[in-house]
Amino acid sequence: MKLLIKNGRVVSPADRLDETLDVLVEDGRIVEVGSKVEAAADRVVDASRLVVAPGFIDMHVHLREPGFEEKETIRTGSRAAARGGFTSIACMPNTFPVNDNAGVTEFILSEAKRVGLVNILPIAAVTRGLKGEQLTDMADLAAAGAVAFSDDGQPVGSALLMRRAMDYGRLLRALIIDHCEEKSLTEDGVMNEGRASYLFGLRGMPAMAEEIMVSRDIILAEHLGARVHIAHLSVKGALPLVRAAKERGVAVTAEVTPHHLVLTDAACEGYDTRFKVNPPLRSAEDVAALTEAVREGLIDVFATDHAPYTAEDKELEFDRAPFGINGLETAVSLLLDRLVAAGVIPLNRLVEMMSVNPAALLGLERKGRVRPGADADLTLLNLAKETVVDAARFESKSRNTPFHGWKLKGLPVQTIVAGRVVYPFDE
Amino acid sequence: MEFHQKHLLGIEQLTDAEILAVLDTAESMAEISTREVKKVPTLRGKTILNLFFEASTRTRSSFELAAKRLSADIVNFSQSTSAVTKGESLRDTILTLEAMNPDALVIRHSASGAAHYLTTFCRSHVINAGDGQHEHPTQALLDAFTIRQEKKNFKGLKVVITGDILHSRVARSNMFCLQKLGAQVVLCGPPTLLPDEFRSFGPEVSHDFDLALEDADVVMMLRIQLERMQKSFFPSLREYRNLYCLTPERFKRAKKSAIIMHPGPINRGVEISADMADSAKSVILKQVENGVSVRMAVLYLLLGGKDREAAD
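Order-wise, the sequence lines are chains A and B. Residue numbers are given in the working numbering: position 338 of the first sequence equals residue 338, and the series is strictly consecutive. Heads up: take any position in the second sequence, counting from 1, add 427, and you land on the working numbering.
So that you can see chain B by itself, here it is in the shape it has in the complex (with noise of 0.2 angstroms):
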């Protein structure tokens, strides 16, 4: 198997290989949680810590599930940012943590690098499960699982995703995955969420939703946060809704055969209405199922990659 990565810490650096890799191993691993009893021994002895430090349920919940059904031992922490400046250094934090001696850390965290800084001072395996404003490499990976799953193939799709890019790790995350294994990216949203530097990354850059769509593959939605619109990237929800929600008429423009993502949690009404994500077309709630599936192949290429070679 093509995988060569110590830490798992952004799209960025992976190969298309290994990232077909682990979309591979997951399909091995889908099988397991449609079983009476979805458990297998692989990872029976390794000790996994899922630190958030930022508020998550679905990626906390599904790495634990993921770890649970290779047989790892995960223990949470969660404390939010803000706690933990009171007192101890994120680094000592994680020291003390480690020395309990853990096999990977899998890490959410409001600052940018912060799975990067990890690498500098510890042992143990680290997982991005989203930096910042910087990554996201596990929902990167389950949505390309998604994709191929409905569509096949990569190659010659178009992609379009829609919303705050600016800010989004998932947009970096899927930017950088779709295009390493052959799709073309449309990134769409308001100049000010949108800067035109972008276009450096190989993707296309479009603020009108509309021209995007047509013929697009894929819709992928993206979360508006009313942070942004406090702080003037957009004017009004209604003024955003207008221009970037994703209705039924709009959809219409895309190919008869899109699908329509959404990394979630979902603003029905803003960024998407309400029959458009529970439409028929929408892969949201297969995404939430294809993560358990994706995070044991990260979990088990990460970890159990060696004693599988030494078993061999």
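Only chain A is shown next, with the shape it has when bound in the complex (with noise of 0.2 angstroms):
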């Protein structure tokens, strides 16, 4: 099987890559990236005008399956994945049960492979039942195919179980994701804590109860030589402390999610329950230093924290409603109308941000470039065009979206897994 891509605009800074360029994919596998690839194939795309990138890859999804398929199952969050441009995302392990053994993880990979769209990587718990007590056999795990650890949603608020995971994790050179938050801070919170939380009387979730868990990971990160990555960062008082770190050569990473970067707490006025996230919407002061973040090249990743809820889910008063953000079918989009169009980041940028540090910090060597011998794992992407959300035509089982009705210029047009084109659905 021989998929031929032709003159397309190849963006691939892993390979120092911005030109028209044709791409030869047989069995997987890219195999000639040049220009006037002549060669039979099977298929020929024509990609004219588009742009072609190595595959973006979600490194923060919560696709629900097992066990709360009334949200998202693997099948429709593959297919969220796909429309939205991802060939390969990574799922939080807070499903039920939850994954933290092997048996889980191979449910899921055997269950992904049935759907055949898109590479779901599993993540899987720190700690059992993400419970905080007692850690997950990680080796086991890792060996099953979990390609991360995290207790999302439920951080290991112990400073020594952490301390554990990041050590034992050492044997692995495991990644920890950490969604830093420090509990205590944050107790019946439901949105950031400031003016705009004091004004509709709704309990607040304090900044620094992030940056307190983010120093801790930092701490604990550079004590033993382990590495740590800063799920969904969102205050601009974490910035400084990863910045520093960095520079004193922690193995620290950080990624930000498009809601963090183009919505503020002003806008849960009103009480509309598809604004509650946790992190919360920040302030516009938050949201103008984490863009200037992006800009300067401190932060890793996108990453959407695609958490879909039902509408009975959601609508509740504001204090009931569970947190979360559908994410995975507009953040191509939003990212290419507010940071690309607008001129806050080069479009090679957002592509090592959606594609090459992914995969990188997933440790998948085959991604993330458009070389031969790489996966043949593309994103194409018309950067002319212009799209209004719609929340109805999502592919996700759930539609608890903000952005509905969004006009947003750039949106993903096709996306290939391992050479073969996913979407457009072939139905």
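Don't read these hints as lab results, they were simulated from the structure. Using N, Cα and C, we set each Cβ at its ideal position, and we do this for glycine too. Treat the hints loosely; a few may be bogus.
To be verified - Simulated restraints on C-beta separations:
1) LYS713(B) - ARG295(A): 40 to 50 angstroms
2) ALA526(B) - HIS404(A): 25 to 35 angstroms
3) ASN528(B) - GLY157(A): 48 to 58 angstroms
4) GLU106(A) - ASN528(B): 54 to 64 angstroms
Said to hold, decoys possible - In the DSSO-like style, the derived pairs of lysine-lysine whose C-alpha atoms are separated by at most 27 angstroms in a straight line are:
5) LYS246(A) - LYS131(A)
6) LYS495(B) - LYS713(B)
7) LYS713(B) - LYS582(B)
8) LYS658(B) - LYS183(A)
9) LYS495(B) - LYS582(B)
10) LYS131(A) - LYS582(B)
Using the supplied hints, reconstruct the complex from the two chains, each of which is provided in its own coordinate frame.
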């Protein structure tokens, strides 16, 4: 099976490429990249006026299966990812049962294979049942296919246990992904603490809760020589901590979500639960600082924290609704419009943050690049096309997006996984 | 009359003219409550649902009496939020009740934004009778009415609101209301219960009750909840009392003509000493009395307006 992608603008920062080229794919791998590739192919994709990027990887997704299939399944989540331009997604372990043993990891991988659309990379729990009491069998989970470890949403509160996880994890060069939240400071909170929360009378989640945990994790990682990745960094005060740690050579990396870059806590006026998310939407000052950190290259990765919830889950008083924003099908357009088209970052930086860096962090050696030998995972973008976000057209089983109706410039138009066009869907 | 709202959700979105329209209407309503026959037919045929998802006696009874004095039919619905948690959602509960064709919904709920939330799917007029820690507009209106009774004018008045500002819907609504009417508002309490950001809403923020009281015209005390002590917002009732209890000695710092207000229920001997609560300077019971007139005015302006215009 040969696929030839012709005349695309290949943007692959890992290969120092940004030029119009053809890409030839055979048996799931890229075999040739060059101008005017002449080859008999089973299928030819005309990529004129399109960008051909190494496949986008979302390292922070909640797929809900097993256990919460009413919100999302591996199938619907895979379809949402494909439509959103992602060729690989890493799924968090807060399912039921929790992905804290090789059996669950294997189930996810076998279901992903059955669905056969995008690469699903399971993230295993740090502690059994996400209870923060006892470590999971990390080596066993890694052998089963877990690409990283996280107690996302139920962050490890005990410094001792986090120390042990990082220390023991060195055995595997494990990546620990931490949702940084000192829970004693955010108890009962439903939005960012600050002027807006005081105005709306909603209980606040202060920035210091995130900063304290970012600090703790950096200190532990530095002492132990471990790797830690800060999930959905959202506050200004965490940035100098990460910057200083990186300067000292600590193996710390950080991701931000699109929603933390384009929305502020003022959006909670009106008590619309689609804006309820954790970490909460922060102040305009935080958003400006985060944007600047993206621009200067301090932030490594864009990730969605795709958190699907049904209408019933979200149709509640603000206090009672669950935290989460549906992100897979809006992320790429939001970032292309608000960051690339707006001139905050060039396109190749976006590709680094959505493909090159997540591939490196998750140890995916054949991904994040467009060169012979690499996996033929490619994301094709149309930068000129305008789109209007329509939640009704989501492939995700849930529709909990605050971006419905937003007009955005630039969108993913084709998603290729292992040399097969998985989006537009073949049906 | 200058009042153009479909709902009464909070004071923040009202204009000063709208607030004054409520107060002026309440003046004429007050007279009805002093008659031998305390009832007028103004809202005959209107149905009001009094939805209390949080314990309340005075606000619920006040709305009930206000509706009855205007001849509206009012039905009380009380349910603790926790009971609702077990079964149907708030939305379903309200949709069920609204299917019985009420004209207005009066709602008290522990969640901030609950009244706003109702307006997203209800067709009735919604009146916020207190939503979580957000707003309690009729309390602020009755407080303003009481202040106007005593002081005639708002311009230049110094109003000191003291207590748990952070968690108080009464403080928020009063802060907006009194500032719109031209009064100077000083908020007072320990830093844990009064974040500095409140300055950005206009009032002065003080942590020193004695200083704040200097030359005050109105001293408004808020109920302090024991739960706040359990969560370490302040160390002990003893210490709170030492710093923020309104005592006769402290009250001397205010103007001679100053009045004492409290939205109730009172913790005697905690935020206010018993002799202060009962003193001649206290207008606490007048606040309760005025509550009925102000709520009559609100019901009339929301429900009676159209018919009145049609009759004209």
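LYS495(B) paired with LYS582(B) [C-alpha distance capped at 27 angstroms]
Answer violated: LYS495(B) to LYS582(B) is near 35 angstroms, above 27 angstroms.
Can the restraint linking LYS246(A) and LYS131(A) be considered satisfied, given a maximum Cα separation of 27 angstroms?
Between LYS246(A) and LYS131(A) the Cα gap is close to 30 angstroms, so the pair fails against 27 angstroms, i.e. violated.
Starting from LYS713(B), check that the Cα of LYS582(B) is at most 27 angstroms away, please.
holds (22 angstroms)
Are GLU106(A) and ASN528(B) spaced within 54 to 64 angstroms by their CB atoms?
This hint holds: roughly 57 angstroms between Cβ atoms.
Holds or violated: the 48 to 58 angstroms window for the beta-carbon distance between ASN528(B) and GLY157(A)?
holds (51 angstroms)
Is the hinted pair LYS495(B) and LYS713(B) satisfied, with a Cα-Cα distance of at most 27 angstroms?
Holds, at about 20 angstroms.
Mind checking the alpha carbons of LYS658(B) and LYS183(A) for me, to see if they're no more than 27 angstroms apart?
holds (14 angstroms)
Given the hint of 25 to 35 angstroms, is the C-beta distance from ALA526(B) to HIS404(A) inside that range or not?
Because 28 angstroms falls inside the window, the suggested range holds.
Holds or violated: are the alpha carbons of LYS131(A) and LYS582(B) at most 27 angstroms from each other?
violated (58 angstroms)
ARG295(A) and LYS713(B) - C-beta distance against the hinted 40 to 50 angstroms:
violated (60 angstroms)
This entry does not satisfy hints 1, 5, 9, 10, going by the numbered hints stated previously.
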